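> Take a look at the letters that make up each chain.
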Amino acid sequence: MSAGHPEAAAAFLNDSERAAWHDQALWFVRQRRDRATDLPEWEALRDRAAELKAYAMANLAGLLEAFETRATASGVTVHWARDAKEHNRIVFDLLRQRSATRVAKSKSMLTEECQLNPYLAARGIEVVDTDLGERIVQLAGEAPSHIVLPAIHWKKEEVGTLFHTHFGTPADESSPDALAAAAREHLREVLLHADAAITGANAMVAGTGGVVICTNEGNADLGMHSAPIHIVSVGIEKIVATLDDLGVLLRVLARSATGQPITAYTTHITAPRPGAEMHVVLVDNGRSARLADPEFRSALHCIRCGACLNTCPVYRRSGGHSYQYSIAGPIGAILAPAVDLDAHRALPFASTLCGSCKDVCPVRIDIPVQLLAWRGRIASANALPKGYAAIFARLGGIVADRTRFESAGRWARRALRFLPPALLAGRWNPWTRAGRELPLAPAQSFREWARREGRVE
Amino acid sequence: MRVALAVPCYVDQLRPEAARATLVLLERLGCKVSLAFDAPCCGQPMNNAGAVADARAAATNWAASAGVFDVVVMPSGSCTHHVRHHLPGLVDNDRGNHAAQVTFELCEFITGPLGMAHLPGRFPHRVAMHLGCHAQRGLRLGGSSELHQPVSGPMHSLLCGLEGLTLVPLDRVDECCGFGGSFAVGEPELSVAMGRSRLADYTSHQAEVLVSSDPSCLLHLEGVARSPLVLSAAKDLRTMHIAELLEEATR
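Protein sequences, first through last, are from chains L and S. Take the first sequence: its position 127, counted from the start at 1, is 127 in the numbering used here, and no numbers get skipped. Take the second sequence: its position 37, counted from the start at 1, is 37 in the numbering used here, and no numbers get skipped.
The set of hints was computed from the structure by calculation and includes no laboratory data. Computed from a prediction, not measured in an experiment: that's the story for all the values here. Don't take every hint at face value.
Stated by the list, open to error - Here are the simulated lysine to aspartate or glutamate pairs, DMTMM-like style, with alpha carbons at most 20 Å apart:
| id | chain 1 | residue 1 | chain 2 | residue 2 |
| --- | --- | --- | --- | --- |
| 1 | L | Lys155 | L | Asp172 |
| 2 | S | Lys235 | L | Glu437 |
| 3 | L | Lys155 | L | Glu142 |
| 4 | S | Lys32 | L | Asp172 |
| 5 | L | Lys386 | L | Glu406 |
| 6 | S | Lys32 | L | Glu457 |
| 7 | L | Lys155 | L | Asp15 |
| 8 | L | Lys156 | L | Asp177 |
| 9 | S | Lys235 | S | Glu208 |
Said to hold, decoys possible - Residues from chain S shown here face chain L by an in silico Cβ test under 7 Å; the list is partial:
| id | residue |
| --- | --- |
| 10 | Asp38 |
| 11 | Ala64 |
| 12 | Ser65 |
| 13 | Val68 |
To be verified - Here are a few chain L residues that sit away from chain S, every Cβ distance over 12 Å (derived from the structure):
| id | residue |
| --- | --- |
| 14 | Thr37 |
| 15 | His166 |
| 16 | Ser175 |
| 17 | Leu192 |
| 18 | Pro228 |
| 19 | Leu353 |
| 20 | Asp359 |
| 21 | Arg377 |
Ideal placement from N, C-alpha and C gives every residue a C-beta, glycine not left out.
So that you can see chain L by itself, here it is in the shape it has in the complex (with noise of 0.2 Å):
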C-alpha cells in the first residue's frame, strides 16, 4: 500500500483524456459550492460551525451520554463500539440474532472505514449499497472514488455498460433518466424487501437524541422505513449540542458538498417506527487517540463535505483510488496517517500546500498545517517515501552554511551548462521525467556578479 500515491497518480494521468475530465468534472461542483457559498454571512457561518464542532469535541463525552440517555428513553438501543471489529461484529450479531440475510444501506463512509460490508458478505448476508452512485462501484466491484460522489470517476456511457450487463437496459443506453429509471426498479426492489436497513448519519444530536440523515435519493428513508430493523453506524465525532447547532451544520453541508441550498432529504429521527427497532452504533476506531493529540484534533471536526477534495488540483488530477484509503483528498490525508503511518506515509506528501482546501472547508479545518505536521512525524519516525530523506537531508548539509552551498551551487550550475542533457534528463530524475526541462543555468550567480561589482565581500 505504501508504494503509494505518486505511482497511482501517474497511472491515473496516463490516460490525459481522462485525466482532463475527472479535472473538470470535479472543478464543475467546485464552481457550484462558489455560487451555492456566495452569501453576506458565509465566513460568519463558518465561524460558527468551527466554534460548534471545537465545543462538541471539547464536550464529547458528556454530549454523547446525554445522546444516549435520550436515545434510550425513546426506545433506541444504543451500542458503543471501540474500533471497526468491534463495530463490524455488533452488527452482525444484530442481523445474524434476527436471521437477517439481505441489507439495504445508504450512504455511510464510516462502514467503508470499518470495511463491513466484505465482512458480512464473508458471513452470507449481502449488503446492498442503496445510493445509486455506491451501487454502481459495488456493481463493479470497486471502493467509492469520492466521499459525496462515490462514482464520479464513471462516465454515463460506462455506467449504461454496466447497467446492461446486471439490469438488461439497452446495450447503448447512456441517458442519465434512462440509467436512474432502471437504478430505481432495481433498488425499490430490495429497499422494499430488506430484512434489515443501515444508514450512516450527518449528525447525533445530544438534545434531542435523535439522529439525522440528509441524501438526495431518499433511500436511507425508504431503506430505514421498510425494513423491521434499522442500524445506524456513526462516528462519535458527529454529535452536536443543540438544534441550533445542527442548523449551522446543515447550512454549511450542502452548500458546500454539492452546491446545494439543502439535501433533498434530510430526516431528524428520535425513536424507531412503531413494531420496528432502531439501534445506533457509536465507532470511535481511533477518534479519542486523535482527540487527545492537539496538534491533529481539528481532524475531528470534518463534516465529510467533500469541498476540499473538489477544490483540490492533486485529488482532481488524480482521482480518490489513488489515495488507497476509504477518504480520499486533502481530509483523507490526514486521517489516513493517524490510523496507519506506515501505509499511508505517502499521503501527506500529496499536496502542494496551495491551501484552497482551508478556505473552502466550512468547519475551517487547516489542513495545510496538519499535512505538514504529519510530514514532521513521518520524518522522525525514518518512514520518509523513498527520495526525500536522501534529497533533502543533503540539501540541509549545504544550505545552511555559505561556503558549502556556493561550491556546490557552481558545480551544479557546472553540470547544467555543460554536461549533455540526456545524461542529466534520464528516467531516474523526477524533475525531468514526465516533462519539464531542467532550468538554463546562468554562468554566475547573483552574489558571483555582485562580488564582481564590489557590492559584496
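Using the hints, position chain S against chain L.
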C-alpha cells in the same frame, strides 16, 4: 529607506536576473540596498519535506542574518511566507520573531512600507498573472476565489498601474501551478500535469507574458513550457519575475 535584499537560494543560483532586477528596482525607488545578507536559505525546502532538524539549522542561520537589519526584502512570496509563519516556531531564540516581523515580499514592500500603490511605467503586453499559493492563501497578498474575493493585492495593483498592460482573464484565477517544493520531485507526473493546465489557461487567453512574484513557480512552469511534449503556444510565452517586469516597465 535602508533595506537588505535576501536572495533565496535557488534564485541566487538559477535566476540571478530576478535578484538583479529587484536590486535595480529598489534603488530606482530610492532605497539604499545592502547585499550583506549572508544566509543562503530560510529552510523552507527541508521543512516542506518533513526534515525539521535540517530546516531548523538553515532557519536559525537565516534569522541570524536578518538580526542586524530593520527591513529585509525578498523577491519570493513562498520564502517570505516561510520566514513569517514558520521561523518563529523553528528558531529557538527571539531572532525568529524579529525575522518574521521585518521581512517583506517585494510587491507588498513597495505597496506597503514604500507606500506606492502604482509605479509610473509602461508595459504594452498581454500579461497573465500567477500569484503563488503561499503569497495568496498564506500571506493573503491577493483575493481568493474560495472566499469570493476578486483578484487583487499588491502585485495586481502594481501591474494594473502600468500603462498599456492588459491583464488577461483566466478560467481558473488562482489554481496552483503544481510546483509545491518537494512535491515537484515527489509527485512529478502530477506536478507537470498541473503545470500544463496552467499554461493552457494562459495561452488560450493569448497571454504574451507570464508574471509571478514567485520564482519557484516560474522555474517549474518554464521547465514544463520548454518541454517538447507541450503545446507550441506555451513556448512563445515569456516568463518574467515581477521584479524583472517592473524594472523593464519603469526604465
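> Each of the hints needs a verdict: does it hold here or not?
Hints and how they fare:
no.	hint	in the structure
1	Lys155(L) to Asp172(L)	13 Å, holds
2	Lys235(S) to Glu437(L)	12 Å, holds
3	Lys155(L) to Glu142(L)	15 Å, holds
4	Lys32(S) to Asp172(L)	73 Å, violated
5	Lys386(L) to Glu406(L)	27 Å, violated
6	Lys32(S) to Glu457(L)	17 Å, holds
7	Lys155(L) to Asp15(L)	14 Å, holds
8	Lys156(L) to Asp177(L)	11 Å, holds
9	Lys235(S) to Glu208(S)	10 Å, holds
10	Asp38	6 Å, holds
11	Ala64	11 Å, violated
12	Ser65	10 Å, violated
13	Val68	15 Å, violated
14	Thr37	7 Å, violated
15	His166	34 Å, holds
16	Ser175	29 Å, holds
17	Leu192	43 Å, holds
18	Pro228	46 Å, holds
19	Leu353	6 Å, violated
20	Asp359	4 Å, violated
21	Arg377	8 Å, violated
In the structure shown, a violation is registered for the earlier hints numbered 4, 5, 11, 12, 13, 14, 19, 20, 21, in ascending order.
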